[in-house]
Amino acid sequence: MAQIKAKKVVSEAKMEELRNKLGDFKFGILQRIWEAYNYLVDTNRVKNVTDLSEKLHRDYTNVVAIINGQRAITPKIILDMNSCFGQPFNRDWIIDGVGDMLVNSTEAIQRASTAINQAWATNSPNAIVNAAYNGNVTVSESGNIITNKYGDSPEEERRWCPVVPTSMAKQPDFDIFGHLSKQMNGVERLYSGTAPIDIWHYVTDNDLYPHYQKGDCLGLKAYDVEDRRIKTGNVYVVDTNRDGFVFRRFRKLDNGDFESYTFNESDPQTYVIPQEDVIRVYSVVLMFRY
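Residue numbers (the numbering used here): 3 to 292.
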């Protein structure tokens, strides 16, 4: 049975009642919960509260009580929405109600971009730069920036690259970069500076925790379709025919298949991706965390 879309609509009288009951501070948080929920409905990420509770893996009665202002009025549920749906919301807005709701507003992106490029330029632990191939190295071991293929033109350096939509990241039998390089209308973008980034991708699991975790944003460099050169132990995103994006450590087996595994030496959770299932390989150039 198809689910019916249902936004949260509150009468002025009910809002005044809740404001008096909760006080201005908690009522402000509740309003942001409503706005975030209604945004997810408007953008077809959820249909209704039942759908939201299932996707957040939360008890339905608990979620309903929160949205109705009956309990636990904190930003936690918006943070959970943010992690579940690809970080669409501005963290300052979630916590303090400051700035625009969406992270891809000009102000929010600029803040994130500043953090990315400061981390990248200083080679900090929050900007993980893999050993790269095809001349894609952007930070030397001493931390000095090396010219990359985009040259020194200010216009070329100020690049905004597409963010892979969460729904697209798991789409089978689909060359994601091949599609985005031709059609980017309506796709969120993040600033990449001079880093050799082709696309951005939000991590959707905790397989590589604690080095990477769900919600981290990765700047990826796309290999040519036939280029399968990888360095054993490095982390890559591999686009596959069966599962879409797979983000893990990899080694290439003698027969050309890719074996993926985690950082857990006692239980590496290995599995093999047949070479014919590999669509494209991406190296991880940058990572930042909100």
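Rather than coming from a laboratory, the hints here were simulated on the basis of the structure. Just to be clear, a hint being listed does not mean it is correct.
Below are the DSSO-like pairs computed for lysine-lysine, each with C-alpha atoms no more than 30 Å apart in a straight line [claimed, not checked]:
{"hint": "1", "residue 1": "K172", "residue 2": "K49"}
{"hint": "2", "residue 1": "K216", "residue 2": "K233"}
{"hint": "3", "residue 1": "K184", "residue 2": "K172"}
{"hint": "4", "residue 1": "K78", "residue 2": "K23"}
{"hint": "5", "residue 1": "K28", "residue 2": "K172"}
{"hint": "6", "residue 1": "K254", "residue 2": "K57"}
{"hint": "7", "residue 1": "K28", "residue 2": "K254"}
{"hint": "8", "residue 1": "K172", "residue 2": "K57"}
{"hint": "9", "residue 1": "K78", "residue 2": "K254"}
{"hint": "10", "residue 1": "K57", "residue 2": "K78"}
{"hint": "11", "residue 1": "K16", "residue 2": "K28"}
{"hint": "12", "residue 1": "K16", "residue 2": "K57"}
{"hint": "13", "residue 1": "K216", "residue 2": "K184"}
{"hint": "14", "residue 1": "K254", "residue 2": "K233"}
{"hint": "15", "residue 1": "K184", "residue 2": "K78"}
Here are the computed distance ranges between Cβ atoms for each label pair [claimed, not checked]:
{"hint": "16", "residue 1": "E228", "residue 2": "P167", "range": "35 to 41 Å"}
{"hint": "17", "residue 1": "M17", "residue 2": "N236", "range": "42 to 48 Å"}
{"hint": "18", "residue 1": "E228", "residue 2": "Q72", "range": "56 to 62 Å"}
{"hint": "19", "residue 1": "W162", "residue 2": "G101", "range": "18 to 24 Å"}
{"hint": "20", "residue 1": "V66", "residue 2": "D177", "range": "16 to 22 Å"}
{"hint": "21", "residue 1": "K57", "residue 2": "N266", "range": "24 to 30 Å"}
{"hint": "22", "residue 1": "Q173", "residue 2": "T63", "range": "29 to 35 Å"}
{"hint": "23", "residue 1": "D177", "residue 2": "F265", "range": "35 to 41 Å"}
{"hint": "24", "residue 1": "D94", "residue 2": "V189", "range": "20 to 26 Å"}
{"hint": "25", "residue 1": "Q215", "residue 2": "K57", "range": "14 to 20 Å"}
{"hint": "26", "residue 1": "L24", "residue 2": "D61", "range": "20 to 26 Å"}
Treat the numbers as computed from the prediction; the structure is a model and nothing was measured. Ideal placement from N, C-alpha and C gives every residue a C-beta, glycine not left out.
Tested hints:
For the suggested pair K172 and K49, the alpha carbons sit about 20 Å apart, so the restraint of at most 30 Å is met. Distance restraint check for K216 and K233: the Cα-Cα separation of roughly 24 Å lies within the 30 Å cut-off, and the hinted pair is therefore satisfied. Restraint check for K184 and K172: satisfied, since their Cα atoms lie roughly 19 Å apart, inside the 30 Å limit. At roughly 20 Å between alpha-carbon atoms, K78 and K23 fall within 30 Å of each other, so this suggested pair holds.
For the given pair, K28 sits about 37 Å from K172 by alpha-carbon distance, which is inconsistent with the 30 Å threshold. Distance check on the hinted pair: K254 and K57 sit about 35 Å apart at the alpha-carbon level, beyond 30 Å; violated. For the hint linking K28 to K254, the alpha-carbon distance of about 53 Å lies beyond 30 Å, and the restraint is violated. In summary, the hint linking K172 to K57 is supported, as the alpha carbons are separated by about 16 Å, within the 30 Å threshold.
For a cut-off of 30 Å, the pair hint linking K78 to K254 is broken: about 41 Å separates their Cα positions. With a CA separation close to 15 Å, the supplied pair K57 and K78 stays within the 30 Å bound. Among the hinted pairs, K16 with K28 is consistent with the structure: their alpha-carbon atoms are about 15 Å apart, no more than 30 Å. Of the pairs offered as hints, the one joining K16 and K57 holds, with about 28 Å between alpha carbons and a cut-off of 30 Å not exceeded.
Using a Cα cut-off of 30 Å, the hinted pair K216 and K184 holds, with the two alpha carbons roughly 28 Å apart. With a CA separation close to 8 Å, the supplied pair K254 and K233 stays within the 30 Å bound. Restraint check: the Cα-Cα separation between K184 and K78 comes to about 38 Å, which exceeds 30 Å; the hinted pair is violated. Checked against the hint of 35 to 41 Å, the C-beta distance between E228 and P167 comes to roughly 26 Å, which is inconsistent with it.
Against the hinted window of 42 to 48 Å, the Cβ-Cβ separation of M17 and N236 comes to about 53 Å, which falls outside the hint. Remark: the range hint 56 to 62 Å for E228 to Q72 is upheld by a beta-carbon distance near 57 Å. Look at W162 against G101: about 19 Å separates their beta carbons, and that is inside 18 to 24 Å. Between V66 and D177, the C-beta spacing of about 41 Å breaks the proposed range 16 to 22 Å.
Against the hinted window of 24 to 30 Å, the Cβ-Cβ separation of K57 and N266 comes to about 27 Å, which satisfies the hint. In this structure the supplied range 29 to 35 Å holds for Q173 paired with T63, their Cβ-Cβ distance being about 34 Å. Distance hint check for D177 and F265: the Cβ-Cβ separation is about 28 Å, which falls outside the suggested range of 35 to 41 Å. Separated by about 23 Å at the C-beta atoms, D94 and V189 satisfy the suggested range of 20 to 26 Å.
Look at Q215 against K57: about 19 Å separates their beta carbons, and that is inside 14 to 20 Å. Judged by the Cβ atoms, the range 20 to 26 Å given for L24 and D61 holds: they are separated by roughly 22 Å.
Of the numbered hints given earlier, the model fails hints 5, 6, 7, 9, 15, 16, 17, 20, 23; all others are met.
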